[in-house]
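Undergrad: Starting from the known structure of chain A, arrange chain B on it as the hints suggest.
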Amino acid sequence: MTKNNVTEEIVKDCIDGNDVAWAILVDMYIGVVYKAIVLVLNKYLDHTDEHDVNDICQNTFLKLFINNCSVLKSYDQNKSKFSTWITVVSRNLAIDYIRKIKEKNTPISDIVDSLHMGGVTGREKISVPEDVISPRQHLVLRMIYDDGLDVEETARFLSVKRQTIRSLHHRAIKKLREHYGLGAGQEKSSCPADTTQS
Amino acid sequence: MDGAKFNSIGCSDRISGNGAAEKKKEAGNCPDTNTFAGYLDNKLAPTERDSVENHLADCPVCRNDFYEIRMLMDQGAKETPEALADSVKNNLQTHDGAPTPGRKIKI
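Residue numbers (the working numbering), protein chains in the order written: chain A, 1 to 198; chain B, 1 to 107.
Bound conformation, chain A alone:
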């Protein structure tokens, strides 16, 4: 039996109100939850208080448990591993917590600005016409040109090989050149973020 299958059974038992299953679930995933919360607080706060980390850990498991386990029931085992899902949930709770702290201490105009800033780094975003390139090609262009990632980082985030990123980039640029009537690109389009390309 794989860990995923075991987790599925435990989640079912938790939803049925089995105390032992809850204890097992906590033992299995407290490390994942703790790691996510500590890393998020370390990143966004100048000072991380162990008491805050504990509170958010407690709230994460309570969140799964309260309201007739509605959040736990929402977990779709066909879509992701439980460890990934609970990482996303824990991180979201940590972000909510930080947002509340920042909202207390920040002028409202700054909060509105930050919510609208997103990943824009001060440069004008490139404009990409719809339906000319694939969603993945579009995403790769955003990651490289808007977010400043290099090929290695882009490949790592998307869990693909560097050559795949180079290829996606090349095909996207070729299609865009064709779309704008610039020719199919007589020369191979080199990726500006590719530090390993010869």
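It is possible that part of the hints are untrue.
[What the hints assert, rightly or not] With a Cα cut of at most 30 angstroms, we get these calculated DSS-like pairs of lysine-lysine:
(1) B:K78 x A:K100
(2) B:K89 x A:K12
(3) A:K12 x B:K43
(4) A:K175 x A:K104
(5) A:K102 x B:K43
(6) A:K35 x B:K89
(7) A:K175 x B:K89
(8) B:K78 x A:K102
(9) A:K3 x A:K161
(10) B:K43 x A:K43
(11) B:K89 x A:K81
(12) A:K104 x B:K43
(13) A:K35 x B:K78
(14) A:K3 x B:K43
(15) B:K89 x A:K174
(16) A:K100 x A:K175
(17) B:K89 x A:K100
(18) B:K78 x A:K43
(19) B:K89 x A:K3
(20) A:K161 x B:K43
(21) B:K78 x A:K3
(22) A:K174 x B:K78
(23) A:K73 x B:K78
(24) A:K161 x B:K89
(25) A:K43 x A:K161
(26) B:K78 x A:K175
[Unchecked claim] Example chain B residues on the side facing chain A (calculated, C-beta under 7 angstroms, incomplete):
(27) N34
(28) L40
(29) K43
(30) P46
(31) L72
(32) A77
(33) E82
(34) A83
(35) V88
(36) K89
(37) N90
In short, the hints are calculated from the structure, not lab data. No residue lacks a Cβ here, since even glycine has one placed at the ideal position from N, Cα and C.
TA: Chain B in isolation, oriented as in the chain A frame:
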């Protein structure tokens, strides 16, 4: 890439999985928690994956969330304080009674 280039701290639509937030996410097309986790695990069907990547290409805040969670997942385990698991279990057991379905607890 350490995410420091981004000023936002998380998609305003993706809030810890409560019902209202889930509805808001659907309205704003930001992937819900299951879909986001499924994308990270590379377990989505191709059409759903395309839909997420379309969204990520247009939503820098969700993209930042994606980078950050991916980096979280890549980090090695952290030593968890021994007492924490017991404390969480005790809290669940004593929080308004045994952990059985049907109870409503406000946090």
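Undergrad: If a hint holds in the structure, say so; if it does not, say that too.
TA: Against the structure, the hints come out as follows:
Distance restraint check for K78 of chain B and K100 of chain A: the Cα-Cα separation of roughly 25 angstroms lies within the 30 angstroms cut-off, and the hinted pair is therefore satisfied. With a C-alpha separation of about 18 angstroms, the suggested pairing of K89 of chain B with K12 of chain A holds against the 30 angstroms cut-off. This hinted pair checks out: K12 of chain A and K43 of chain B have alpha carbons roughly 21 angstroms apart, not beyond 30 angstroms. Proposed proximity of K175 of chain A and K104 of chain A is contradicted: the alpha carbons are some 48 angstroms apart, above 30 angstroms.
Our distance criterion of 30 angstroms between C-alpha atoms is broken by K102 of chain A and K43 of chain B, whose separation comes to about 35 angstroms. For the suggested pair K35 of chain A and K89 of chain B, the alpha carbons sit about 18 angstroms apart, so the restraint of at most 30 angstroms is met. Restraint check for K175 of chain A and K89 of chain B: the C-alpha separation of about 56 angstroms exceeds 30 angstroms, so the hint is violated. With a C-alpha separation of about 26 angstroms, the suggested pairing of K78 of chain B with K102 of chain A holds against the 30 angstroms cut-off.
Note on K3 of chain A and K161 of chain A: the hinted pairing holds, with a Cα-Cα distance of about 28 angstroms set against a maximum of 30 angstroms. A threshold of 30 angstroms between alpha carbons decides the hint, and for K43 of chain B with K43 of chain A the separation of about 28 angstroms falls inside it, so the pair holds. At roughly 22 angstroms between alpha-carbon atoms, K89 of chain B and K81 of chain A fall within 30 angstroms of each other, so this suggested pair holds. Between K104 of chain A and K43 of chain B the alpha-carbon distance is near 39 angstroms, which puts this suggested pair outside the 30 angstroms criterion.
Of the supplied pair hints, the one linking K35 of chain A and K78 of chain B holds, its CA atoms being roughly 6 angstroms apart against a limit of 30 angstroms. Restraint check for K3 of chain A and K43 of chain B: satisfied, since their Cα atoms lie roughly 17 angstroms apart, inside the 30 angstroms limit. In summary, the hint linking K89 of chain B to K174 of chain A is not supported, as the alpha carbons are separated by about 57 angstroms, beyond the 30 angstroms threshold. The straight-line distance between the Cα atoms of K100 of chain A and K175 of chain A is roughly 45 angstroms, outside the 30 angstroms bound, and the hint therefore fails.
Between K89 of chain B and K100 of chain A the alpha-carbon distance is near 26 angstroms, which keeps this suggested pair within the 30 angstroms criterion. With a CA separation close to 15 angstroms, the supplied pair K78 of chain B and K43 of chain A stays within the 30 angstroms bound. Pair hint K89 of chain B plus K3 of chain A holds up; C-alpha atoms about 21 angstroms apart against a cutoff of 30 angstroms. Proximity of K161 of chain A to K43 of chain B is assessed by CA-CA distance (about 18 angstroms); at most 30 angstroms being required, the pair is judged to hold.
A threshold of 30 angstroms between alpha carbons decides the hint, and for K78 of chain B with K3 of chain A the separation of about 20 angstroms falls inside it, so the pair holds. In summary, the hint linking K174 of chain A to K78 of chain B is not supported, as the alpha carbons are separated by about 45 angstroms, beyond the 30 angstroms threshold. Using a Cα cut-off of 30 angstroms, the hinted pair K73 of chain A and K78 of chain B holds, with the two alpha carbons roughly 28 angstroms apart. About 42 angstroms separates the Cα atoms of K161 of chain A and K89 of chain B, which puts this hinted pair outside 30 angstroms; it is violated.
With a C-alpha separation of about 28 angstroms, the suggested pair K43 of chain A and K161 of chain A falls inside the 30 angstroms cut-off, and the hint holds. For the proposed pair K78 of chain B and K175 of chain A, the alpha carbon gap of about 45 angstroms is over 30 angstroms, so the pair is violated. Contact between N34 of chain B and chain A, as hinted, is supported at the beta carbon level, the nearest pair being about 4 angstroms apart and thus within 7 angstroms. Here the hint on L40 of chain B is kept, as its CB sits about 5 angstroms from the closest CB of chain A, short of 7 angstroms.
Here the hint on K43 of chain B is kept, as its CB sits about 6 angstroms from the closest CB of chain A, short of 7 angstroms. Contact between P46 of chain B and chain A, as hinted, is not supported at the beta carbon level, the nearest pair being about 10 angstroms apart and thus beyond 7 angstroms. Interface hint status for L72 of chain B: upheld, as the beta-carbon distance to the closest one in chain A is roughly 5 angstroms, under 7 angstroms. For A77 of chain B, the suggested interface contact is upheld, since its CB lies about 6 angstroms from the closest CB of chain A, less than 7 angstroms.
Taking 7 angstroms as the C-beta contact cut-off toward chain A, the hint placing E82 of chain B at the interface is violated, the least distance being around 10 angstroms. A cut of 7 angstroms between beta carbons decides the hint on A83 of chain B: the least distance to chain A is about 9 angstroms, and the hint is violated. Given hint, V88 of chain B at the interface with chain A, holds; its Cβ is 5 angstroms from that chain's nearest Cβ, closer than 7 angstroms. Taking 7 angstroms as the C-beta contact cut-off toward chain A, the hint placing K89 of chain B at the interface holds, the least distance being around 5 angstroms.
Contact between N90 of chain B and chain A, as hinted, is not supported at the beta carbon level, the nearest pair being about 10 angstroms apart and thus beyond 7 angstroms.
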